[in-house]
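A.B. asks: These are the residues of each chain, in order.
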Amino acid sequence: MNDIVAEVLQGSVRAMARLITLVENEDPRALRIMGTIYPHTGNAHVLGITGSPGTGKSTLTDKITAILREREQTVGVIAIDPSSPFTGGALLGDRIRMQRSAGDAAVFIRSMATRGNLGGLARTTADVVKIMDAFGKDWVIVETVGVGQDEVEIAKTADTTVVVLAPGLGDTIQSMKAGVMEIADLYVVNKADRSGADELLNEVNVRVEQDAQIRKAPWKPPVVKTIALENQGTDSLVEAIDKHRSFLRQSGKLRRNRREKTRQETLALLRDEISRNVLEKVLGNGRFDALIDEIVAHKKDPYTSVQEIVSTIFPEE
Amino acid sequence: MTAKKRIKVIMAKPGLDGHDRGAKLLARVFAEAGMEVVYTGLRQTPEMIVDAALQEDADVVGLSSLSGVHNYFFPRVVELLKEKGLGDVLVVGGGIIPEEDIAGLRKAGVAGIFGPGTRTDDIIKFIENHTSRS
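In order, the protein sequences belong to chains Z and H.
Residue numbering for the first sequence is 230 to 546, as defined by my numbering.
Residue numbering for the second sequence is 3 to 136, as defined by my numbering.
Some hints here could point you the wrong way.
[To be verified] One side only, chain H facing chain Z, incomplete, derived with CB under 8 Å:
1) K7
2) L27
3) A29
4) F32
5) A35
6) G36
7) T42
8) E49
9) M50
10) D53
11) A54
12) G87
13) I98
14) E101
15) E102
Think of the hints as simulated: they come from the structure by calculation, not from any bench.
Glycine included, every Cβ here is placed at the ideal spot set by N, Cα and C.
This is chain Z alone, in the form it adopts within the complex (with noise of 0.2 Å):
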């Protein structure tokens, strides 16, 4: 398996996307090749591209990656989709919109389904993102599910995210809720050729100048207008982009946040493994349905039972 992620670090594509099918599955061996790999990690800028179904994340995703090329950036895309809850299945229809980059050997694009989490992102996206960070893509672009007001897992997986905008999608109260508008690094009012769009603008605006009321910050996110379909707009929002990257290297809060990802991500592995620990025990010993028969028929209940199951097998000290 330590062959595969040689392969990858020295450039293979095809080794590559073999290992983020063995992530994206969970594979026993993930944790291990995870580990290997992510001595390689923390070179690439990981940028977010979020916001509701429709306003045009993916062809923004494709025009950002047309001019990251122009400078001769490697750029890695993740574009997630939502699997049916019912079938399991997915219908992954993202890189329909980035076909510029087709034949582009700097750029890779590879389509998740969400498989079931619930926060924009698939479980494994931010292991994916690191691959292509150890592979040595200079950017790894990162394209949600059409997010609805609560799916904000790309804050913590991005360093810059891009809440993207269109007209016709609501009225001013929506733009002051919290979620998915409090996460934005930047704005960008989308499809701004088309009524209403001057109004959203506005009203974002207005938020932005509210929040910078009321709480200090040092990045005040900037509003870019775009029509992505005529690449009008594209260049300031990249500029942008910049921008917020020089302002986070030059402030320290690159390194500030990205030692709060890893906290939380060392968290996040820390607690799978001890669920995981503890259900092999518990539901291994075949006594597990016993308890159960016996809080069934109200002879013991669950809550004493829980906590007498965890001091079994971390006794007190």
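Could you slot chain H onto chain Z? The hints should help.
C.D. replies: Same frame as chain Z, but now just chain H:
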């Protein structure tokens, strides 16, 4: 639903014909059957299709052609897949394929050819039976 291997399909229309109702329907049919389907859309070159298969680590490439270009495009996709070390990817095709072309396409490495009127269940079964990773 997590941690389960799923069949990954690239659904593509090579060549210049602009009719993708069949391809889109099948993309949905495969997704409903629990597969993860990357729909790449119209006017794909064999190179684009194979690039997508490579990056997506696809198990299956589904090709649809209604304009009579299948005898060039389908074998070309198979050939390019082999060149890239993706010889284990299952290639299936559909659309308007004359009876007399089928044997040649099979010989060229297109594992399954499905013309109009094929039951979608049969295509799903064919794919499930011919992919090792399902």
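A.B. asks: All hints are to be evaluated individually against the structure, with a verdict given for each.
C.D. replies: So, going through the hints one by one against the coordinates:
1. A distance limit of 8 Å between C-beta atoms decides the matter here; for H:K7 the minimum to chain Z is near 5 Å, and the interface restraint holds.
2. Annotation: H:L27 was flagged as interfacial toward chain Z, and the flag is violated, the nearest CB pair being 11 Å apart, outside 8 Å.
3. Contact between H:A29 and chain Z, as hinted, is supported at the beta carbon level, the nearest pair being about 6 Å apart and thus within 8 Å.
4. Hint status for H:F32 relative to chain Z: holds, with the closest Cβ pair at about 7 Å, below 8 Å.
5. The beta carbon of H:A35 is positioned within 8 Å of a beta carbon in chain Z (closest approach about 6 Å), and the interface hint is therefore held.
6. Checking H:G36 against chain Z: minimum C-beta separation of about 5 Å stays under 8 Å; hint holds.
7. Here the hint on H:T42 is kept, as its CB sits about 6 Å from the closest CB of chain Z, short of 8 Å.
8. With a cut of 8 Å, the hint placing H:E49 at the interface with chain Z holds, because the nearest CB-to-CB distance is about 6 Å.
9. Taking 8 Å as the C-beta contact cut-off toward chain Z, the hint placing H:M50 at the interface holds, the least distance being around 5 Å.
10. Evaluation of the H:D53 hint against chain Z yields a held restraint, the C-beta minimum of about 6 Å falling below 8 Å.
11. Of the supplied interface hints, the one on H:A54 holds, with its beta-carbon coming within about 7 Å of a beta-carbon of chain Z, less than 8 Å.
12. Interface restraint check for H:G87: the shortest CB-CB distance to chain Z comes to about 6 Å, inside 8 Å, so the restraint holds.
13. At a threshold of 8 Å, the smallest CB-CB gap from H:I98 to chain Z is about 23 Å, leaving the interface hint violated.
14. At a threshold of 8 Å, the smallest CB-CB gap from H:E101 to chain Z is about 31 Å, leaving the interface hint violated.
15. At about 33 Å, the closest approach between the beta carbon of H:E102 and any beta carbon in chain Z exceeds 8 Å, and the interface hint on this residue is violated.
Comparing the model with each numbered hint stated earlier shows that hints 2, 13, 14 and 15 do not hold.
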